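Model the full assembly from the supplied sequences, consistent with the hints where possible.
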Amino acid sequence: KAGVTQTPRYLIKTRGQQVTLSCSPISGHRSVSWYQQTPGQGLQFLFEYFSETQRNKGNFPGRFSGRQFSNSRSEMNVSTLELGDSALYLCASSGGEVQNTEAFFGQGTRLTVV
Amino acid sequence: AQSVAQPEDQVNVAEGNPLTVKCTYSVSGNPYLFWYVQYPNRGLQFLLKYITGDNLVKGSYGFEAEFNKSQTSFHLKKPSALVSDSALYFCAVREPSGGYNKLIFGAGTRLAVHP
Chain Z
1 KAGVTQTPRY
11 LIKTRGQQVT
21 LSCSPISGHR
31 SVSWYQQTPG
41 QGLQFLFEYF
51 SETQRNKGNF
61 PGRFSGRQFS
71 NSRSEMNVST
81 LELGDSALYL
91 CASSGGEVQN
101 TEAFFGQGTR
111 LTVV
Chain Y
115 AQSVAQPEDQ
125 VNVAEGNPLT
135 VKCTYSVSGN
145 PYLFWYVQYP
155 NRGLQFLLKY
165 ITGDNLVKGS
175 YGFEAEFNKS
185 QTSFHLKKPS
195 ALVSDSALYF
205 CAVREPSGGY
215 NKLIFGAGTR
225 LAVHP
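In the order they appear, the protein sequences are chains Z and Y. The first sequence begins at 1 in the numbering used here and counts up one residue at a time. The second sequence begins at 115 in the numbering used here and counts up one residue at a time.
A hint or two may mislead.
[To be verified] Here are the simulated SDA-like cross-link-like pairs (lysine to any residue), alpha carbons at most 20 angstroms apart as the crow flies:
hint, chain 1, residue 1, chain 2, residue 2
1, Y, 172, Z, 57
2, Z, 57, Y, 214
3, Y, 191, Y, 119
Derived by calculation from the structure, the hints in this document are not laboratory data. A quick note: this is a predicted structure, and the numbers were derived from the prediction, not measured.
Structural data, given as structure tokens:
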């Protein structure tokens, strides 16, 4: 079974630009969550999508948004990039129907804002 | 609000010795607890979870964790450390109701196993 796939692996963007990251979950998984990892703040939850609906949201500004498609693939978008948005963005997928299942993570997208 | 604490930034252990990585949590109700490991420039790999039942949980690569409700702890252990265990370890909690798949992570503990 293929794992969670995130593309691209690396991105360099200029302050003020916008960026879109993609995540393909494990086949059959309907829940996709996004996390931001930085040295200063650690791992922080951004949002979760389940069956194309945002089910949970973390404390991030509205510049961070996401969506999920009918095939469960998900994208997250960051508009008006700031230097502080530089981070490793991780996507995780799980079955989603019950909460006692573990989440499986992709390798992440390393975003650098210059 | 739920939270997870990993009190040690780094744990150093000699190869072959037992290791413990500590985790305490604060959550209302009965928690779902997880351990993940991260190698450089990689995502997180699932090690083990506690949902209910036996307080001692066994996971991947010889790791186990002990759930202690009275001390609100979920320490990760391994009887004999390997150099290849050197990595960043994260404890996480998920609320059993309403939290869906939102994980709250500790700050992480860097494990260094010396030959």
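Can you confirm whether the C-alpha distance between residue 191/Y and residue 119/Y stays at or below 20 angstroms? With Cα atoms ~16 angstroms apart, residue 191/Y and residue 119/Y stay inside 20 angstroms; holds.
Does residue 172/Y pair with residue 57/Z here, judged by a C-alpha cut-off of 20 angstroms? Measuring from Cα to Cα gives roughly 31 angstroms; hence the hint is violated.
For the pair we were handed, residue 57/Z and residue 214/Y, check the Cα-Cα distance against 20 angstroms. At roughly 11 angstroms apart (the allowed maximum being 20 angstroms), residue 214/Y and residue 57/Z satisfy the hint.
In summary, the structure is inconsistent with hint 1 from the numbered list given earlier, while agreeing with all the others.
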